[in-house]
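Colleague: Generate coordinates for the entire structure from the input sequences, incorporating the hints supplied.
Here our numbering runs 1 ahead of the position in the sequence shown, where the first position is 1.
Since the hints were derived computationally from the structure, they do not count as laboratory data.
Idealized CB from N, CA, C, for every residue including glycine.
The reader is advised that the hints may include incorrect statements.
Per label pair, the in silico range of CB-to-CB distance [as the list claims (entries may be wrong)]:
| hint | residue 1 | residue 2 | range |
| --- | --- | --- | --- |
| 1 | S419 | L440 | 11 to 21 Å |
| 2 | L440 | S311 | 37 to 47 Å |
| 3 | R27 | N228 | 17 to 27 Å |
Keeping only pairs whose Cα atoms sit at most 25 Å apart, straight-line, the calculated DSS-like set for lysine-lysine is [what the hints assert, rightly or not]:
| hint | residue 1 | residue 2 |
| --- | --- | --- |
| 4 | K450 | K340 |
| 5 | K423 | K474 |
| 6 | K450 | K423 |
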Amino acid sequence: MAIVTVLGATGDTHLTVTVDGSYSERQADAFAQRLLDIYSTTDTTKAVHGLVSQDGGLTTSASSNYGAITEGSLYFVNSHYTDLVIGKLNSGSSVAGAGAGTAIIPSSANSTDEVLTQPVTVVAGGEQNTELQVLAGSASNVTYYAHYENGTIIGAGGSLNFYGSQESGSAGTYQIVTALNGKSTLYLGLSSNSVYSQGSDTIVGPYAGVENLDAGYSQQVTLVGSNSVVNTSSNSNIVDIGSGNSISVAGHSFISLGDQGTASLIGASSTVSGGTNSTVSATSSELSVIQGFGNSITSTGSLTFYNGTSNSTVTAANSTIFGAAGLNLKYNVTGDPTKSFFTASDGNETLDGSSSSNALVVYATRNGNLSVVGSNSDDTFVGGTANATFTGGLGDNHYMFQNGSGGGNDVITDFSASSGNKIELYNYNLTNETLQSILDSAQNTSQGKTIVLSDNTKITFTGVDNLSVNDFKLG
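Modeller: Below you can see the structure in the form of structure tokens.
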């Protein structure tokens, strides 16, 4: 915990603001410097005005726009003020360059007598198109009720309880920074807001949980702490660089997911990027997931998943998946199998569909090494330039190869498991007679019986002694 010292009401007094977190400290220093630039003057009309709570009102200054709160209480702040500091009044110290409205200095002081520990409640009364900037430095809770003004709140220390205006069309826009290690609760108003969350915070946006509402307000939330909870509506942009955070958004939103977090999406199309060992669930109509390491993804709508890696899981009604090197995927198709596809990429990949409710369609059409276990339904496997190992499962499976797009080395481990299994060869200009010639030339290898096609595609059948032209479909 650090202390930032802020301009006081006279030359021999100053306010100390508790600061928790390097980002908050930088913001508080910038805030303090801005006050110095404005109020460091011998002009008494720009003096700091100490606010006191009395009979539901304030002692106000007709000239100063800078208010200071130095004791725990309830304060009503009208639209006259543009700057507000909440901190501890220390009159016993001398400030460098003492004079009327003079000094703002950083301090390494950390004694308890320089920390405001009493809770403070602020009720803002700003009108539209006014601005209020607040540096909230209480080590205890600061509770803040916004009105129509636009504002900035730097929660420098302790926890912040923020209540945005719920007046549609009138609520101001706020930029909010919460303190490191705090447990702030933010109820954002009916406006577009920006939050930089450093603690274990709860952030609730307008119309949170409303599925199809496009309220026209965009919420920008950055999470750098852990175990925060975010629940906002549509048009949200959430950047999570922390861990263990739980995020819920409605449609037309974007989430950059952090470490061991959860993301829940409802409504219209949204996008999730990244994530490590995280969980993504969507009831949205369309979900795009980009990259990610070891994530678990569930979607009741249409899913497009790009370039995930490590031990990942996908359960989706309709899905289009593009693999990546290092992907080890468990894949469960719950909807129409004709609308779900997996396409392998370069590098080493594995796909396990043994728990899938419905059939798989798998393309091994890129360079690399792919190992696939199919579902218990009727799967389709398309060979290509990859080296692929197919274990089809108990369904009537189809293995497709097209002349000119092949050249891979493919192994089918259980071709004899079902009498309905077929090898489909396209554009090879084969007849039953020329195909029989290829079968007669099959080679017995350590993996099984291998045939070689005209584009140098090699297909090996494990556990098969005899192949018949009836096992093939020509096209």
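Colleague: Next, verify each hint and record whether it holds.
Modeller: So, going through the hints one by one against the coordinates:
A hinted range of 11 to 21 Å holds for the C-beta pair S419 and L440, which are about 20 Å apart. A C-beta distance of roughly 41 Å is found between L440 and S311, which places it inside the suggested range of 37 to 47 Å. Range check, R27 to N228: Cβ separation about 24 Å, and the 17 to 27 Å hint holds. In summary, the hint linking K450 to K340 is not supported, as the alpha carbons are separated by about 33 Å, beyond the 25 Å threshold.
The suggested pairing of K423 with K474 holds, with an alpha-carbon distance near 7 Å, which does not exceed 25 Å. For the given pair, K450 sits about 16 Å from K423 by alpha-carbon distance, which is consistent with the 25 Å threshold.
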